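The listed protein sequences correspond, in order, to chains L and X. By the numbering used here, the letter at position 66 of the first sequence is numbered 66, and the numbering carries on one by one without gaps. To convert, count from 1 in the second sequence and add 1000; that's the numbering used here.
To be clear, the hints were calculated from the coordinates, so they are not data collected in a lab. A few of these clues could be false.
Unchecked claim - Partial pick of chain X residues on the chain L-facing surface, computed with a CB cut under 8 angstroms:
1) PHE1258
2) LEU1260
3) THR1265
4) THR1514
5) GLU1522
6) GLN1524
7) ASN1525
8) LEU1527
9) GLY1530
10) LEU1531
11) MET1535
12) VAL1537
As the list claims (entries may be wrong) - A few chain X residues that don't get close to chain L, going by computed Cβ distances all over 10 angstroms:
13) GLN1187
14) ASP1536
15) GLN1543
Since the structure is predicted, the reported quantities are computational estimates derived from the model, not experimental observations. A virtual CB, placed ideally from N, CA and C, is assigned to each residue, including glycine.
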Amino acid sequence: MSNNFTKVENPVLVVEGKQADNERLKAESDYLRGTIKEDLQDRMTGGFTSDNFQLIRTHGMYQQDDRDIRAERQKQKLEPLHNVMLRARLPGGIINPTQWLAIDKFADDYTSYGSIRLTTRQTFQFHGVLKPNIKLMHQTLNSVGLDSIATAGDVNRNVLCTSNPVESTLHQEAYEWATKLSEHLLPKTRAYAEIWLDEEKVETTEADEIEPILGSNYLPRKFKTTVVIPPNNDIDVHANDLNFVAISEGGKLIGFNVLVGGGLAMTHGDKGTYPRCADDFGFIAKEDTLAIAAAVVTVQRDWGNRVNRKNAKTKYTLDRVGVDTFKAEVEKRAGVEFSESRSYEFTHRGDSFGWVEGIDGKHHLTLFIENGRILDSERADFDGKTLKTGMREIAKIHQGDFRLTANQNLIVAGVAEADKAVIEQLARDNGLLNDGVSNQRKASMACVAFPTCPLAMAEAERYLPTLVDDVEAILEKNNLKDESIILRVTGCPNGCGRAMLAEIGLVGKGPGKYNMYLGSDLAGSRVPKLYKENVDEAGVLSEIDALSARWSAERNDNEAFGDFVIRAGIVEQVIVSFKDFHHA
Amino acid sequence: MGEIVMLPEQRLLNQNTSNSANNSSALDASQLASLQQSVADYSSLQLAWASGYLAAKSEQGHHAQLAPVATPVAAKTLTILYASQTGNAKGVASQLEKSVKAAGITVVLKNIADYKAKSLKNESHLLIVASTNGEGEAPDDAIEFHEFLLGKKAPKLPNLSYSVLALGDSSYEFFCQTGKDFDERLQALGAKQVAPRLDCDVDYDSECESWTLSIVESLKDELTQADAALTPVSYIGDLPTAGATSQYSKQNPFAAEFSLSQKITGRDSAKDVRHIEIDLAESGLTYQVGDALGVWFENDETLVAKLLTELNFSGDEKITLKVSGEVQELSLQEALISQLEITQTAPAFIEFWAQHSQNGKLLAVAKDKNAAREFAGEHQIIDVVNLAKADVDAQSFVNALRKITPRLYSIASAQSEVEEEVHLTVGVVSYDANGDTRTGGASGFLTQRLEEGQKVRVFVEHNDNFRLPQSDDTPVIMIGPGTGVAPFRAFMQEREAREASGDNWMFFGDQTFTQDFLYQVEWQNYLKSGLLTRMDVAFSRDQAEKIYVQDRLKEQASEVFSWLERGAHLYICGDANRMAKDVHQTLVEIIQEHGKLSAEQAEDYLKSLRSNKRYQKDVY
């Protein structure tokens, strides 16, 4: 799996220079407290001030505003409609019906969009929560055993785990590791409890509160961890810093292959940034999991670039020091040596929709949720669907749990034979289960972008449904009716929509303009390559039309679109991101 | 400032009799016309210069003719006192002064607040022009005088000749109460009426005129010296502001360009509040912060058409009406659009329609003054007419309506910042009735019918009872929820321009934070720059329990009191009925608690603030 450079002579382990401003604010934050409490008392603004604007991210929130009406409000002499988006911490995406009912009610009562959003980070988000309701939100989560600690910011974020309902025993073990990893790598500061849950500040010296793994300055940049069960690469290992690939024998977990240094974010116009696949460090026994995880995190903590945030992620650290040096340091710190990788294969990344029976005899229903938006028609133009009501009704009677997938879909898991019919009926009645969804739609994904995401340069989620309509028509026209192309749209180059692991990836450049990338594979083991820049929506369609016509006419048997465009020389294959990705 | 729905006296306009030059000038008609022509295109500066020039000229060249002035006989003096809340009584009194002066009477005009009540026994002739607040209380400026006169210490006044002109709104139970109090008490103290008291209702123009004539008639023999009529009038120089140098007035408004109308409540607000900018360029009109802008408006043609249909009139009916002092013939439609009040209903109209329709409900309502006023406040003319058919001819219908009166809006800008512009904060008054949306006459005109670039007839209404402190070092506390925010925006602009060092504390409130925080970004910037020392906001609908500005005052009680103790001036602008009263009550409690005073002493504390011009209100 290692397509990257392994050896670097005389590597620079620590980048010297003036540290990025985020380093100052983390250092001055008193372990992520800042002056958030004071900001909550400020009635003049719905926003947070300077440093706190960043610090709340480590508590799982982003300050956003309704960008559709930003200009309008400026004329009205009103500040932007500041609110926060909250991303919950939900290791492995599992949430029980009681928890679901609590978040369902909060979304209704206190969010401006009235929706629950399933995200590519295998969790849910609230969008549009006003400042006076933020504490109530955290207290509501807390009352049902949830929180949002460290789901954003320079920390280890929500830990993903393959949603594999069939191999229930293996999945249970993998899921437990995801939870343990999440807890182990979590900030230990009590800032969250003090600020949001009104817990008393315990008198401590600073030494007592030292973050043994993350350190007082936390990580140089965001850090993402997964546990994956082959052959499904649904969590997209190459989008993550640290991946534990489950290796089993006889249906029982024995250990993990450890993949380090994936990541998709880049910056338009900055060739020092690029998406990069992770390197396979080798196999470890499962009991060494936490030690290895902590070692990878601390090496990145100490060697990651704190001068230039655009080069601060683990993938750049690996390319700077070389895989061998990084790996040796991890082994030294963990006191564990990697053994040779065990063989495994990824074959696909999508979810399998509909009912399946697990080896434990329970039934699991996977629902396709377009763009992960769970809301009712009364709150938005939504084709008469009442997904949110449907989920609430199911939660009221469901005896198992719910599993959010990394593809923004949802599994009603652990249903007894006797309950299948009623749950299916509720799902159908409310538009959650729909036999007419095409393969293309299931293979498509977008990030949220407008109107809430402050980083978005172009539409994504609001553009995707009609784009898919058009692509379906094009495929049908080119005799590719039941075929699909992994199509992902993202509003900016930061990677939430994982367009840098798509067969066709569209990355927002400006309003209505996208850079078009081609050439990942079904398993998600290859980064695509830039095909055309600044294409408008009409251009996107005519390109897809022309390319799929060629694919239809010239493809080998069962050849996937991404493989075809490389074989046909339409784009060059990216082997080593560092040198190939920007190569013209 | 929101549109005024039911107006007590203070929000109606001065009787600024038709043409001041006519009444006060010693020129004949053609001389006057030629003077008017030659100054017509003078700028305000040129006018000011010319007035000085003429004054100087009069002192030099015509001295010989003025001899009588140089050797005045010890003539008796007429004292005119006015008790005004926002300047209307003052306006009437000034006009009265001009008229009696023109008749050659020596006259002293005074704000009743500045008058030593004990001097009453030395007066020979006294006129009082007094307004009344909503529930029959005396206006702020008159409270002390009122207490003294009605109290035990008031002297006998057998040698005093007097009369009273009372301003009020007949839809209130205690109509013209303050004037009545003064009149009855003066009589009881032995004073002699020279003319019966005049109780003026909302449209008082012509009544005032004839009352003034009768006063002049009965006083002139006693108070005039044969040749005093030649005394040149130089009052122009005495008037407080440059506005007086403009040729434009209530009666002669300036057609200003309506340059901007911007909604400043968010898209989900329950309210429609507009920030309006009007261009006064070339008008010579000037204003100070605290002043109001008078706005003439026309009624909605669609509403007039509906009303005509309802009444079975074509609109072409000819009716007669006094317009600018002259009886004119107009079509009914024309009169309803531009001359008559149809968006505010006088209780008298309820009575009129009740009698003609013999509708049981209306008759019952009309019987009870309070009910009639309340009903009138909630029903436009068309909604009363809708209730019951009545057979009336066009002329009687017209006679039953009030004349249209301009509305006053507190000015939301300072000329030091906006130069020749004037800004207003206008809340659109609207509600549903009979399946239609009813909109306030002026607010609808300004926000829905008038388009940017069109003209609007305006004039400046000075308000010396709402002024920033003389000293820029003095701290101010401003309480202005809703559109009451307007004058404080002006205060901040002015204090910024003057680089005033005094502390500024603003209290604002409205329904919701996200939708109704009027001028939010400006306030944030003032806080950031340090000009605004503190700001406290209360949004009533953002939580289960209602929170208002007075609650924030209470939370900050000790701080508020300490500001007062170090000389802060206190201002309230906005709703008179509830907010201003609740705030007042809260202030009493704060002063009581933190000043360790009784309730009565706390009231006295506020009273003394008021008489020192440290507690001023612009409420409506």
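Hints, one by one, checked against the model:
1. Hint status for PHE1258 of chain X: violated, given a least beta-carbon distance of 17 angstroms to chain L, over 8 angstroms.
2. For LEU1260 of chain X, the interface hint is violated, since its Cβ never comes within 8 angstroms of a Cβ in chain L; the closest pair sits about 10 angstroms apart.
3. Annotation: interface hint on THR1265 of chain X holds; nearest CB of chain L at approximately 7 angstroms, less than 8 angstroms.
4. A hinted interface residue such as THR1514 of chain X counts as satisfied when its beta carbon comes closer than 8 angstroms to some beta carbon of chain L; here the least separation is about 6 angstroms, so the hint holds.
5. A distance limit of 8 angstroms between C-beta atoms decides the matter here; for GLU1522 of chain X the minimum to chain L is near 6 angstroms, and the interface restraint holds.
6. Here the hint on GLN1524 of chain X is kept, as its CB sits about 6 angstroms from the closest CB of chain L, short of 8 angstroms.
7. At a threshold of 8 angstroms, the smallest CB-CB gap from ASN1525 of chain X to chain L is about 10 angstroms, leaving the interface hint violated.
8. The restraint placing LEU1527 of chain X at the interface with chain L holds, with a minimum CB-CB distance near 7 angstroms, inside the 8 angstroms limit.
9. Taking 8 angstroms as the C-beta cut-off, the interface hint given for GLY1530 of chain X is violated, the closest approach to chain L being about 14 angstroms.
10. Taking 8 angstroms as the C-beta contact cut-off toward chain L, the hint placing LEU1531 of chain X at the interface is violated, the least distance being around 14 angstroms.
11. The criterion of a C-beta within 8 angstroms of any C-beta in chain L is met by MET1535 of chain X, whose closest approach is roughly 6 angstroms, and the hint holds.
12. A cut of 8 angstroms between beta carbons decides the hint on VAL1537 of chain X: the least distance to chain L is about 5 angstroms, and the hint holds.
13. Every beta carbon of chain L lies more than 10 angstroms from that of GLN1187 of chain X, the smallest distance being close to 55 angstroms; the non-interface claim holds.
14. A cut-off of 10 angstroms between C-beta atoms contradicts the statement that ASP1536 of chain X is not in contact with chain L; the least separation is 7 angstroms.
15. Its beta-carbon lying about 7 angstroms from the closest one in chain L, GLN1543 of chain X breaks the requirement of being farther than 10 angstroms from that chain.
Going through the hint list in order, the structure does not satisfy hints 1, 2, 7, 9, 10, 14, 15.
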